[in-house]
Amino acid sequence: MVPLSWYLALSAALFTIGAVGVIVKRNAIAIFLCIELMLNGANLALVALSGFFGDVGGQLFVFIVMTVAAAEAAVGLAIIISIFRTRESLNVDDADTMKL
Amino acid sequence: MERVLFIIFAAAAVGSALNLIAQRNPMYSALSLIGTLASLSALYVTLHAQFVAAMQIIVYAGAIMVLFVFVIMLLNLQEDQPRIEKQQWLRYLAVPFAAALMAEALYVFRNVKDIRLPAGSDSDRAVGATWSIGTSLFTDYLLPFEVTSVLILMAIVGAIVLARREDG
Chain A
1 MVPLSWYLAL
11 SAALFTIGAV
21 GVIVKRNAIA
31 IFLCIELMLN
41 GANLALVALS
51 GFFGDVGGQL
61 FVFIVMTVAA
71 AEAAVGLAII
81 ISIFRTRESL
91 NVDDADTMKL
Chain B
101 MERVLFIIFA
111 AAAVGSALNL
121 IAQRNPMYSA
131 LSLIGTLASL
141 SALYVTLHAQ
151 FVAAMQIIVY
161 AGAIMVLFVF
171 VIMLLNLQED
181 QPRIEKQQWL
191 RYLAVPFAAA
201 LMAEALYVFR
211 NVKDIRLPAG
221 SDSDRAVGAT
231 WSIGTSLFTD
241 YLLPFEVTSV
251 LILMAIVGAI
261 VLARREDG
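These protein sequences, in sequence, are chains A and B.
In terms of the working numbering, the first sequence opens at residue 1 and continues consecutively.
In terms of the working numbering, the second sequence opens at residue 101 and continues consecutively.
Think of the hints as simulated: they come from the structure by calculation, not from any bench.
Heads up, some of the hints might be wrong.
[Said to hold, decoys possible] Distance condition first, Cα-Cα at most 20 Å in a straight line; then the derived SDA-like pairs of lysine to any residue: (1) Lys213/B x Asp55/A; (2) Lys99/A x Phe84/A; (3) Lys213/B x Trp6/A.
Owing to the predicted nature of the structure, the values given are computational and were not obtained by experimental measurement.
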């Protein structure tokens, strides 16, 4: 029997790796992939708690999170394509017009 | 047996996630993320969440990652290169901050008591079965489900408006 804390520790590890990737990566698409990784870390915690407490609400929330991730990917990749058109680069350091 | 499965798939998930960060080519990062998603799907099955496991493969690995791979190939990206060299030392600050974030998350989870997964075979288990998720989704959680459709409509319109050419 796998303890609940193992699942939660794995979820925390995946979330942390995703957060590090968002900070370290400079490519806009790679940052997006790391955000997806963070969402998946949160999903794992939700599914684990839902399974252990016998409440279906957590899995429905994962369903909603997947929908939000799909919407976010569609809009985000559209923004990335439009940035690439104007700047010919996906490096987030190049998109610094609004930086003081 | 279940512990062995957990360790195998958790190691695969964490390894793929670390490879996602280590790779400079976004294409390899996307493929590593697919590996993480597949391992998580296997872990969902060990949690008796078969519906979510199937959705993970079909929606995440099937649809969302195809969108990512499509855009990566469309833009024909080169290697990810750090341009601002003077802030290089800031990258090494990521390690202690990551350790702090991990410690925070584990501190929050520390209070969770280790309860047992409810016994019983998959056939007589309600939570995780497709019918129980469908029943809850269309009764108790009908409003969030309907709001989701509005969200997707907004995402479709937003993606078309943003990715359209200005002179088009």
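message = Can you confirm whether the C-alpha distance between lysine 213/B and tryptophan 6/A stays at or below 20 Å?
response = Between lysine 213/B and tryptophan 6/A the Cα gap is close to 12 Å, so the pair holds against 20 Å.
inquiry  = So if I understand the rule, the pair passes when the alpha-carbon distance is 20 Å or less; does lysine 213/B with aspartate 55/A pass?
reply    = With Cα atoms ~16 Å apart, lysine 213/B and aspartate 55/A stay inside 20 Å; holds.
inquiry  = Between the alpha carbons of lysine 99/A and phenylalanine 84/A, is the straight-line distance 20 Å or under?
reply    = holds (18 Å)
Of the numbered hints stated above, none is contradicted by the structure.
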